[in-house]
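Chemist: Each chain, letter by letter, is given below.
2 protein chains.
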Amino acid sequence: MIARARELDAADPLAAYRERFTLPEGVIYLDGNSLGALPIATPAAMQRAVEQEWGQGLIRSWNDADWFEMGSRVGAKIAPLIGAQPQEVIACDTVSVNLFKLISTALQMRPGRKVVLSEPGNFPTDIYMIEGLERQGLAQQRLAQRDQLLEALGDDVALLMLTHAHYKTGDLFDMQALTEAAHQAGALVLWDLSHTTGALPVDLNRCAADFATGCGYKYLCGGPGAPAFAYVAERHHADLKQPLTGWFGHARPFAFVDEYEAAPGIEQLQCGTSPILGLTALEVGVDLIAEIGVDRLHAKSQALSEFFLECLTERGIGLDCISPANSAERGSQLSFRHPQAYAICQALIARGVIGDFRDPDVLRLGFAPAYLSFEDMASAAGHLAEVMEGKEWRRDEFSERSSVT
Amino acid sequence: MIARARELDAADPLAAYRERFTLPEGVIYLDGNSLGALPIATPAAMQRAVEQEWGQGLIRSWNDADWFEMGSRVGAKIAPLIGAQPQEVIACDTVSVNLFKLISTALQMRPGRKVVLSEPGNFPTDIYMIEGLERQGLAQQRLAQRDQLLEALGDDVALLMLTHAHYKTGDLFDMQALTEAAHQAGALVLWDLSHTTGALPVDLNRCAADFATGCGYKYLCGGPGAPAFAYVAERHHADLKQPLTGWFGHARPFAFVDEYEAAPGIEQLQCGTSPILGLTALEVGVDLIAEIGVDRLHAKSQALSEFFLECLTERGIGLDCISPANSAERGSQLSFRHPQAYAICQALIARGVIGDFRDPDVLRLGFAPAYLSFEDMASAAGHLAEVMEGKEWRRDEFSERSSVT
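Chains as they are written, first to last, in the working numbering: chain C, 1 to 405; chain P, 1 to 405.
If you're looking for bench data, these hints aren't it; they were derived computationally from the structure.
Among the clues, some could well be false.
One copy or two, it doesn't matter: identical chains are merged, so the pair holds either way.
[What the hints assert, rightly or not] Straight-line distance between alpha carbons at most 20 Å, and here's what the computed DMTMM-like set of lysine to aspartate or glutamate pairs gives:
| # | residue 1 | residue 2 |
| --- | --- | --- |
| 1 | K241 | D171 |
| 2 | K241 | D9 |
| 3 | K114 | D239 |
| 4 | K77 | D361 |
| 5 | K114 | E291 |
| 6 | K114 | E329 |
| 7 | K168 | E234 |
| 8 | K114 | E259 |
| 9 | K77 | E261 |
| 10 | K114 | E397 |
| 11 | K391 | D174 |
| 12 | K114 | E69 |
| 13 | K114 | E314 |
| 14 | K114 | D156 |
| 15 | K391 | E314 |
| 16 | K114 | E310 |
| 17 | K241 | E291 |
| 18 | K77 | E234 |
| 19 | K391 | D171 |
| 20 | K168 | D320 |
| 21 | K391 | D295 |
| 22 | K391 | D258 |
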């Protein structure tokens with residue numbers, strides 16, 4: 001398959017973008033869905049921010065280097081990747097904190113309704129943040145399997161909150177249909193785009209989605225623990241009442257008045273001082289992903305995972321794939337269930353193929369389309385085949401559960 | 001006074017630490033209380049984190065570079081600066097977000113009491129975060145002037161929340177006395193140490209303080225928008241019920257279970273994924289400040305501001321100083337009230353003396369003791385004297401309010 005892979009690479013319009021990322025020698029990185037690779041341009045941008053803007057500019061850089069506008073500026077650059085208007089997106093805080101703001105807002109906008117509906121097995125922090133509002137006595141959690149979500153959409157539901165591409169399986173929700181159903185039931189909708197943004201196109205505006213948030217450190221390549229983003233449809237900006245009313249969300253933060261007055265636009269979602277170093281790295285990643293273009297990235301990610309499966313089939317390897325068979329129905333990943341998934345993952349890592357393991361028995365391989373080649377696919381599939389054929393997972397060093405991730 | 005300043009510098013045991021910071025040529029930086037200067041060691045640490053840990057280590061660095069422990073590790077290093085045990089402090093999120101967690105926790109621990117007591121003119125975000133909990137219907141804000149705080153401590157008060165060193169005037173609260181008074185009234189206490197940490201010694205444990213938070217980007221020199229820290233007295237760890245229950249505060253985040261189970265210790269204050277790049281810069285600053293030592297820093301900051309006032313007096317400049325006259329009663333700053341404070345600040349900046357302006361009429365000068373010299377004091381006082389004598393604030397370019405800070 002290597003020859004075939006090279007042909008595909010030669011014809012790949014995105015092949016040259018691989019040179020825009022740093023990848024370690026001898027590694028095939030199938031975990032860009034957990035932490036995206038480092039863009040080549042990032043170190044110089046960080047150095048400039050640290051040595052020039054901070055070191056030389058000092059406090060003046062809040063004005064001179066436009067630090068005040070960074071959250072809005074980076075948000076506006078993320079907007080076209082998710083079908084939003086620039087003034088509807090802001091980069092700030094973490095996905096978890098943004099979930100809290102947006103769930104709270106939805107509850108405020110639907111007085112008399114306390115239920116936040118999601119699915120069991122959603123990414124844990126999404127569910128935990130509902131639990132945080134339950135602790136406050138303000139929300140009531142309801143989890144329903146995906147095929148029972150429509151039934152669960154009763155008139156007590158304030159918010160339907162779902163993750164577009166499932167973190168473990170890659171299953172996609174039909175964003176348009178579910179948003180419509182929620183609206184018909186009088187509920188608002190919040191989409192977690194953590195496993196979507198930068199890998200799959202979405203169109204929040206076309207779906208009339210109310211709220212969204214997503215991660216900066218996966219497909220956007222913003223670095224470990226990068227700031228997240230939050231989206232609120234413009235029609236809701238006047239009604240927003242989020243409870244994390246920090247000074248950066250104030251209409252006039254430097255008036256230093258005792259009374260909170262929310263900024264009129266998406267800036268009211270900001271809370272504390274913007275994390276400038278994190279935003280600096282995130283901006284480089286967003287610029288690069290936007291330059292490549294999310295439609296091209298999506299097409300390539302589908303082609304990569306399809307080719308990977310072909311290579312496995314060619315080698316006669318049958319694994320229990322829990323991701324949708326049709327690449328149009330999954331995120332940019334393939335997940336396989338196996339009782340020895342942990343040890344298989346470790347054996348692959350020892351061979352330089354970095355994927356990840358998700359409790360209790362899932363091997364998860366991500367196909368970040370910006371920097372992977374078809375040759376990577378053929379090689380990784382070859383390594384996986386050899387691990388399976390040689391039952392390498394039996395080796396003690398692979399089965400001992402030491403690492404945290 | 002320059003000769004005298006040079007004598008003082010020659011005798012200053014901290015003089016050599018100035019070389020451990022980057023300071024722009026031609027600048028006397030009196031705004032380290034807003035954004036601390038860049039430590040010389042920071043760029044290399046950032047480069048290592050970006051190029052090695054992220055670029056080469058990729059996802060493996062969560063284990064191999066101890067990213068998981070960074071919030072706890074940096075918190076433990078901050079602990080001795082504020083009189084806390086290492087397991088009582090964690091670096092995470094922003095001051096604003098940490099205020100929300102800690103105010104919420106206090107309200108949960110004092111059922112039947114809804115009042116959060118503070119003073120008018122406290123740093124705005126502190127007051128705004130109470131307002132956020134008012135929006136949720138969970139808190140009631142009460143503001144009382146400092147001399148009326150004890151009277152206002154009724155049996156409806158859940159939490160007394162104050163900033164130790166006032167951001168505008170530098171006035172200090174008697175932490176011990178107010179903590180005791182609050183406890184006698186059945187209330188808990190939360191200290192905002194943003195203008196304290198790294199410049200003045202405090203002893204949270206000796207005062208039996210319940211909660212604290214503080215800023216990473218001022219005297220700790222953690223960089224623009226650095227992560228903040230939060231402190232909870234160990235005796236409260238088992239009762240903690242903060243509502244921002246994100247996955248990084250879970251006892252077993254990688255079990256990926258639907259049920260939230262708080263980590264047993266201070267880690268339960270974490271919410272989303274740790275901001276690794278921000279923590280990397282913060283750790284360098286904290287290490288350096290801890291190496292110098294907060295008692296020595298405090299002594300020098302008092303000597304600096306006293307000498308600065310002497311220099312002004314020597315020049316015959318009388319300004320309306322709103323900071324306490326006794327350096328033992330103020331933070332590491334001097335603030336002057338003047339109707340033309342904005343233009344005076346701009347005139348100083350044009351001369352390379354960077355202080356800041358606080359609405360409506362305050363010129364605020366900070367004396368970050370780690371990197372300022374007595375000669376800086378003499379020069380800065382000389383510039384201020386010339387600005388006042390020449391009425392430079394009358395010049396149009398200084399009085400137009402264009403900048404944000």
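Chemist: Next, verify each hint and record whether it holds.
Modeler: Hint-by-hint comparison with the structure:
no. : hint        : in the structure
1   : K241 x D171 : neither (32 Å within a copy, 34 Å between copies)
2   : K241 x D9   : neither (50 Å within a copy, 53 Å between copies)
3   : K114 x D239 : within (18 Å within a copy, 26 Å between copies)
4   : K77 x D361  : neither (37 Å within a copy, 38 Å between copies)
5   : K114 x E291 : neither (42 Å within a copy, 51 Å between copies)
6   : K114 x E329 : neither (32 Å within a copy, 49 Å between copies)
7   : K168 x E234 : neither (32 Å within a copy, 36 Å between copies)
8   : K114 x E259 : between (28 Å within a copy, 19 Å between copies)
9   : K77 x E261  : neither (26 Å within a copy, 36 Å between copies)
10  : K114 x E397 : neither (49 Å within a copy, 55 Å between copies)
11  : K391 x D174 : neither (39 Å within a copy, 67 Å between copies)
12  : K114 x E69  : neither (35 Å within a copy, 36 Å between copies)
13  : K114 x E314 : neither (52 Å within a copy, 67 Å between copies)
14  : K114 x D156 : within (6 Å within a copy, 28 Å between copies)
15  : K391 x E314 : within (19 Å within a copy, 84 Å between copies)
16  : K114 x E310 : neither (47 Å within a copy, 62 Å between copies)
17  : K241 x E291 : neither (35 Å within a copy, 44 Å between copies)
18  : K77 x E234  : within (16 Å within a copy, 43 Å between copies)
19  : K391 x D171 : neither (29 Å within a copy, 69 Å between copies)
20  : K168 x D320 : within (14 Å within a copy, 63 Å between copies)
21  : K391 x D295 : neither (39 Å within a copy, 61 Å between copies)
22  : K391 x D258 : neither (66 Å within a copy, 32 Å between copies)
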